[in-house]
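Asks: Listed below are the residues making up each chain.
Protein chains: 2
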Amino acid sequence: MNRKTRPTLDSLDTPCLLLDEARMEANIEYMKARMRRLGVTLRPHLKTPKSVEVARRAMQTPQGPAAVSTLQEAEQFARAGVRDILYAVGLSPAKIDRVLALRAQGVNLTVVVDSVEAAQALASRSRAAGAPIPALIEIDADGHRAGVRPEQQALLCAIGRALHEGGAELRGVMTHAGESYSSPDVVAIRDMAERERSAAVRAAAVLREQGLPCPVVSVGSTPTAMFAENLEGVTEVRAGVYVFFDLFMAGLGVCKQDDIALSVLTTVIGHQPEKAWILVDAGWMAMSRDRGTANQAVDQYYGLVCDVAGRPLPGLVLKQTNQEQGIITLRPGATGTLPDLPIGTRLRILPNHACATGAQHDAYQVLRGADVAAVWPRFRGW
Amino acid sequence: MNRKTRPTLDSLDTPCLLLDEARMEANIEYMKARMRRLGVTLRPHLKTPKSVEVARRAMQTPQGPAAVSTLQEAEQFARAGVRDILYAVGLSPAKIDRVLALRAQGVNLTVVVDSVEAAQALASRSRAAGAPIPALIEIDADGHRAGVRPEQQALLCAIGRALHEGGAELRGVMTHAGESYSSPDVVAIRDMAERERSAAVRAAAVLREQGLPCPVVSVGSTPTAMFAENLEGVTEVRAGVYVFFDLFMAGLGVCKQDDIALSVLTTVIGHQPEKAWILVDAGWMAMSRDRGTANQAVDQYYGLVCDVAGRPLPGLVLKQTNQEQGIITLRPGATGTLPDLPIGTRLRILPNHACATGAQHDAYQVLRGADVAAVWPRFRGW
Numbered sequence: 005m006n007r008k009t010r011p012t013l014d015s016l017d018t019p020c021l022l023l024d025e026a027r028m029e030a031n032i033e034y035m036k037a038r039m040r041r042l043g044v045t046l047r048p049h050l051k052t053p054k055s056v057e058v059a060r061r062a063m064q065t066p067q068g069p070a071a072v073s074t075l076q077e078a079e080q081f082a083r084a085g086v087r088d089i090l091y092a093v094g095l096s097p098a099k100i101d102r103v104l105a106l107r108a109q110g111v112n113l114t115v116v117v118d119s120v121e122a123a124q125a126l127a128s129r130s131r132a133a134g135a136p137i138p139a140l141i142e143i144d145a146d147g148h149r150a151g152v153r154p155e156q157q158a159l160l161c162a163i164g165r166a167l168h169e170g171g172a173e174l175r176g177v178m179t180h181a182g183e184s185y186s187s188p189d190v191v192a193i194r195d196m197a198e199r200e201r202s203a204a205v206r207a208a209a210v211l212r213e214q215g216l217p218c219p220v221v222s223v224g225s226t227p228t229a230m231f232a233e234n235l236e237g238v239t240e241v242r243a244g245v246y247v248f249f250d251l252f253m254a255g256l257g258v259c260k261q262d263d264i265a266l267s268v269l270t271t272v273i274g275h276q277p278e279k280a281w282i283l284v285d286a287g288w289m290a291m292s293r294d295r296g297t298a299n300q301a302v303d304q305y306y307g308l309v310c311d312v313a314g315r316p317l318p319g320l321v322l323k324q325t326n327q328e329q330g331i332i333t334l335r336p337g338a339t340g341t342l343p344d345l346p347i348g349t350r351l352r353i354l355p356n357h358a359c360a361t362g363a364q365h366d367a368y369q370v371l372r373g374a375d376v377a378a379v380w381p382r383f384r385g386w
Numbered sequence: 005m006n007r008k009t010r011p012t013l014d015s016l017d018t019p020c021l022l023l024d025e026a027r028m029e030a031n032i033e034y035m036k037a038r039m040r041r042l043g044v045t046l047r048p049h050l051k052t053p054k055s056v057e058v059a060r061r062a063m064q065t066p067q068g069p070a071a072v073s074t075l076q077e078a079e080q081f082a083r084a085g086v087r088d089i090l091y092a093v094g095l096s097p098a099k100i101d102r103v104l105a106l107r108a109q110g111v112n113l114t115v116v117v118d119s120v121e122a123a124q125a126l127a128s129r130s131r132a133a134g135a136p137i138p139a140l141i142e143i144d145a146d147g148h149r150a151g152v153r154p155e156q157q158a159l160l161c162a163i164g165r166a167l168h169e170g171g172a173e174l175r176g177v178m179t180h181a182g183e184s185y186s187s188p189d190v191v192a193i194r195d196m197a198e199r200e201r202s203a204a205v206r207a208a209a210v211l212r213e214q215g216l217p218c219p220v221v222s223v224g225s226t227p228t229a230m231f232a233e234n235l236e237g238v239t240e241v242r243a244g245v246y247v248f249f250d251l252f253m254a255g256l257g258v259c260k261q262d263d264i265a266l267s268v269l270t271t272v273i274g275h276q277p278e279k280a281w282i283l284v285d286a287g288w289m290a291m292s293r294d295r296g297t298a299n300q301a302v303d304q305y306y307g308l309v310c311d312v313a314g315r316p317l318p319g320l321v322l323k324q325t326n327q328e329q330g331i332i333t334l335r336p337g338a339t340g341t342l343p344d345l346p347i348g349t350r351l352r353i354l355p356n357h358a359c360a361t362g363a364q365h366d367a368y369q370v371l372r373g374a375d376v377a378a379v380w381p382r383f384r385g386w
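Here the protein sequences line up with chains A and B, keeping their order. Just so you know, we're using my numbering here: the first sequence kicks off at 5 and counts up by one. Just so you know, we're using my numbering here: the second sequence kicks off at 5 and counts up by one.
Treat the hints with care, as some may be off.
Said to hold, decoys possible - Computed list of chain B residues with no C-beta within reach of chain A, every gap over 12 Å: (1) Ala133; (2) Asp144; (3) Gly147; (4) Arg206; (5) Gly215; (6) Asp311; (7) Gly319; (8) Pro343.
Said to hold, decoys possible - Covered by chain B, per the in silico footprint, the following chain A stretches (three or more residues, Cβ under 8 Å): (9) 92-98; (10) 146-155; (11) 267-275; (12) 285-296; (13) 326-333; (14) 344-350.
Keep in mind the hints are simulated off the structure, nothing from the lab. Positions of the beta carbon are idealized from the N, C-alpha and C atoms, including for glycine.
Just chain A, with the same shape it has in the complex (with noise of 0.2 Å):
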């Protein structure tokens, strides 16, 4: 980029997503080194980022491995090179085609199924294709979301038999702990990383036990990768918004707001002195509508509000918003004044959540300091 037209944090249009590379490095360096130390694979989960530069840090190797939710990202990812890719949402057989072109090309592409149906499908398809499609189990640890519980181990038996036998291949269970986003703490989180690991490992043995194949045992989500204290058995961890992190990880405990790497930078275009409002054109669009941390001990509503070098300003939130029009106010209950930013001023907002905040943007703006050192842009779509 030529340094002379490169923009500065004060003249990037806005609404933009702003994103801290060294925060950003820190965070996937230290989930790095925790896999190491616990001795297994890192797959991370790009559904987060969508944007091959990110992905690149993420990854232990160019070639993966990683994790996507669409197959949008797996032929994104799939074109920049990535060659170890998990497709880590429930298949429906209308996609199988997608997931053959893929392989054809060299794709290590796995799929995940939790039902007979499912499987039967697959194994159908892989044998018409005459290539077997490898795929893992979904094991349900905690009534959450999708999968097998452990101790369905008929289902888990006939599932994985539909695979194996019928032409798919069979290559392991995957568990996600989604309920460890409502633990009440980090003490609890590491309870629910234990149940994701032995609920992963219980149903790798009843596959065993049949003399059926489990090399893979996958589990993961960011706050079981960052509390997990023992992983034996487990082959991989997936995990995403540790990337950036976001306000409803501070919320959580698995991480400080000084670790947020993503905010949307805004611009004040008005006051309501009278009810003590700030106006910036940072809406529901720039935010998304994600508001995770209602239900958390401390509402963030739809953002915390930074001045334009990322530091906190005591009390501000984003109360509310209209789709480009966002109003500042001191939190509910918070002493003190609102701080007198005229308009012009830029202000940088923390996200209640990075994987919805990043969707509603095309690029990131990335922060290297306070220069606008690159441009890396975002996919998204199915």
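With chain A's structure known, arrange chain B on it following the hints.
Replies: Frame of chain A; chain B shown alone:
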């Protein structure tokens, strides 16, 4: 499009956004006829569709008039030939360059201010450019958002003079009855429409009494536009969501569920029979995080479930969502049993909020009857 390769409701990749063209056209015609009858100009707010194809149908002429919520919208619609555009969100001075560039291309772009400070910035930039930028003064009819209250006569006139005498063009006043979105019933919406009208008309009278020009008196929101009975003194009405409608508007009593033109096509990917859950591939990424009906009399969760033909399946709602997975179940308290919807079944989900759900997608799959007759791109960003 080649007839042979045209996708069908059964072959489209899911999730995707469906637009029922006949419903949209009926909604558009109803509003056009209503505004004709009331003797005012309709200025459709294109922040809802963000699509040139939809805009051309909603506008009175291919040149406009239209309202937008971002300069990105103004630029996109200008490229498509729209010439009369109101940028209906308070302007930050940093955006004036882009306003001037659009005006230099022959676009009659009007902006909105609500402070002397912003008016002075606009006037000063108008003088420097030798090109008066036209502006409306935002009036606060209900304490809901930005704007000057009509009784703040001194402030109103000071802004008016800063524009008119400073070198910009004072073109009039505008207000938006945001509070109409929380009206308990249609009677309250009618009252709100009258409050919106009278606030704008009073503000215009204040300016005119001071010898200031005020040719434009602009009001509007979909609820007030649908129920206003008298628009005396108003020159134009802005409304956006009526083009598609949504569950929130149906909950307000502003439309019927059968008027909703937008839905998300999804595929069943699994079941949790013990919990009476049906899992689909539409999560919050496809629906948005908008839970606007949560505070209405009937909570529609993440959306109402219909069969592939668009007929509601009684009692079924999209109860919970993950990023790429939704959980359909019977509404709490609903009687009846879960229908048998095997893996691969296609369903349609009616959205809470057309603006938010639309924004999650890059295109409309346009339904003419049961045919996917066209694909209309959407844009986004700022």
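Asks: Can the region 285-296 of chain A be counted as covered by chain B under the rule of three residues or more with Cβ-Cβ separation shorter than 8 Å?
Replies: holds (count 8)
Asks: Just double-check Gly215(B) for me: nearest Cβ-Cβ distance to chain A has to come out over 12 Å.
Replies: holds (26 Å)
Asks: According to a criterion of three or more residues whose C-beta lies within less than 8 Å of a C-beta of chain B, is the region 267-275 of chain A covered?
Replies: holds (count 5)
Asks: Confirm or reject the statement that Ala133(B) sits farther than 12 Å, beta carbon to beta carbon, from all of chain A.
Replies: Non-interface label stands for Ala133(B): nearest chain A Cβ at 18 Å, farther than 12 Å.
Asks: Under 8 Å between beta-carbons, do enough residues of the region 146-155 of chain A, three at least, approach chain B for the coverage claim to hold?
Replies: Three-residue rule met by the region 146-155 of chain A, so holds; n is 3.
Asks: So is Arg206(B) really clear of chain A, every C-beta pair being over 12 Å apart?
Replies: holds (19 Å)
Asks: Examine the region 326-333 of chain A: at least three residues should have C-beta closer than 8 Å to a C-beta of chain B.
Replies: holds (count 5)
Asks: Does the no-contact call for Gly147(B) survive, Cβ to all of chain A over 12 Å?
Replies: Gly147(B) not clear of chain A: closest Cβ-Cβ about 7 Å, inside 12 Å.
Asks: Are all beta-carbon distances from Gly319(B) to chain A longer than 12 Å?
Replies: The claim holds: Gly319(B) sits with its nearest Cβ about 22 Å from chain A, beyond 12 Å.
Asks: Closest CB-CB distance from Asp311(B) to chain A, is it above 12 Å?
Replies: holds (17 Å)
Asks: Examine the region 344-350 of chain A: at least three residues should have C-beta closer than 8 Å to a C-beta of chain B.
Replies: As far as the region 344-350 of chain A goes, the hint holds, because 3 residues have Cβ atoms under 8 Å from chain B.
Asks: Go check the region 92-98 of chain A versus chain B for me, would you? Three or more residues, Cβ under 8 Å, otherwise it fails.
Replies: Coverage by chain B holds for the region 92-98 of chain A (6 residues, Cβ < 8 Å).
In this structure, the earlier hints numbered 2, 3 are contradicted, and the remaining ones agree with it.
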